[in-house]
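Enquirer: Listed below, chain by chain, are the residues.
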Amino acid sequence: MNLPQIMQYGLSGITVGSVYAIVAVGFNIIYNTTGIINFAQGEFLIVGAMTAISLSHVVPLPVAILGAVLITTALGGLIELVFIRRVRDASVLRLIIVTIGLSIVIREAMLHIWDEKPWSLPYFTGTSSTTVSILGAYISVQVLWVLGVSAVIVTALTLFFRYTTTGRAMRACSDDRMAARLCGINDRWMVTLSFMLSAGIGALAGCVISPITQTQYDMGATLAIKGFTVAILGGLGNSMAAVAAGLFLGLLEALVVSQFASAYKEVVAIVVLLLILVFRPSGLFARRATSVRTA
Amino acid sequence: MLKILNLDAGYGALRVLKGISLHVSPGEAVAVIGANGAGKTTLLKAIAGVLKPHAGEIVFDKRNILGRPAERIVRLGCCLVPEGRHVFSSMTVRENLLLGAYCRRRENTAASVQEGLEQVYDLFGILKERSSQLAGTLSGGQQQMLAIGRALMSRPKLLMMDEPSLGVAPLVVRDIYETIVTLKRNGLTILLVEQNARAALAVADRGYVIETGQIVLQGPSRQLSDNPEVQRAYLGKEYRRIDE
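Going line by line, the protein sequences match chains A and B. Mapping to my numbering: the first sequence position 138 is 241, numbers consecutive. Mapping to my numbering: the second sequence position 233 is 259, numbers consecutive.
Because the hints were derived from the structure by calculation, they are not lab data.
Simulated coverage check for chain B against chain A, where a stretch passes if three residues somewhere in it have a Cβ under 8 Å from a Cβ of chain A:
#: 1; stretch: 85-97
#: 2; stretch: 100-112
#: 3; stretch: 119-125
#: 4; stretch: 128-138
Where is the CB? At the ideal position from N, CA and C, for every residue including glycine.
Based on the provided sequences and hints, a complete structural model is requested.
Expert: Right, here's the structure in full:
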């Protein structure tokens, strides 16, 4: 392979990898406040993208995306209030099964609303043929949008969790639930907020990738598996590690595609997931063993 | 300030507290002593709202707080330093203290929070030195100081402490108790629960002795320390009587 080819595969790997990272960050936000894996996370991306596509017919693109993010955020909050909060004797396993059920319901609802055709948002800038050249590789301008938005999301979240009162309160809930309540933090509200936040960033990620990958009602499941692999790879709950793990998986997939038939691409995530679960279940970057939360 | 009548509480079908009644007046320091498993921690958890009591009455500052959630009770000024400290171990000392002020976030200003921090740092100098260190890396005694400091950041009217001497080096226990005396002198109302009866009765005005979920004895601290039953059971004196 020559340099332009390496760059081409590398950049495409980084692009999908950064999307996986955003999905994984969504998993982590909810995992940190509740101890559960929200298997409807992939659906948030698709709902966001689909809503934006529908809205873009009536309002300008930026407004459509903003609207889609807000609507999906509200949906995330609603799901928590209506389904998660009301589960009696809410064990972690029970809640996870609820989220699996929800992902199926959302997917079927989307099938009815948007049918099985793939849709896509228009390119944010330029057209599908607008490219920029980086070290001999030609990439779509939309790729830069994906990378930029992913970087902004991760940075904004990091600042939010570190420097805002609400962000700190959410971290406090994941650290020690009882102590958080004794500080006056309403832990139930923090859980709702974590669902809203995950849904919102998921929707935004869904919108930026839509022009490249197109959006189909059932794509959430694949994204969820990739995101889950990345979250486990980085160590559940660790968002910075998830970014590194996301880029790693994206590049690995690109490498496999460059050497073998592209059909093997989907196998990569599953193989990585199995290997990590067998050999390093607490993640590549874990300093201490991940214990099951009993929040 | 705090008045408890016939409180029943426990875990599921297990009844730990059986009709506890006690009161704490403003400015007073009250100790609740008793053996392991007597229900001391359950009592404080029930008052703080972490545990939902089965029956009874808890009146704090003329409001009935029975069954209210913990986050609302701390906002009223009734704050618990839980047993085992429960600091946020993955967060820095400073962040822990700032979270202590969370319940007052609507009335807080940057200046009032800073003032609170300074007061805590004055009380526990070590926390200022370690302010950017993760709470999980502190020693047991420092974590206890942090837990107390975090509670003080909420500017409580009543400070409840559950076993502040547990798992803390004896020298540090003395420091912590000296701080409790200081807090009391500054007018803070204190409800203290301890297995370490000697330390608790030394700082408290009054005390209650709790056994298997019931108050078996109460009175001024001096009177309790002089009581032969208390001395035998909780202060480790006159052990010969047991041999006889």
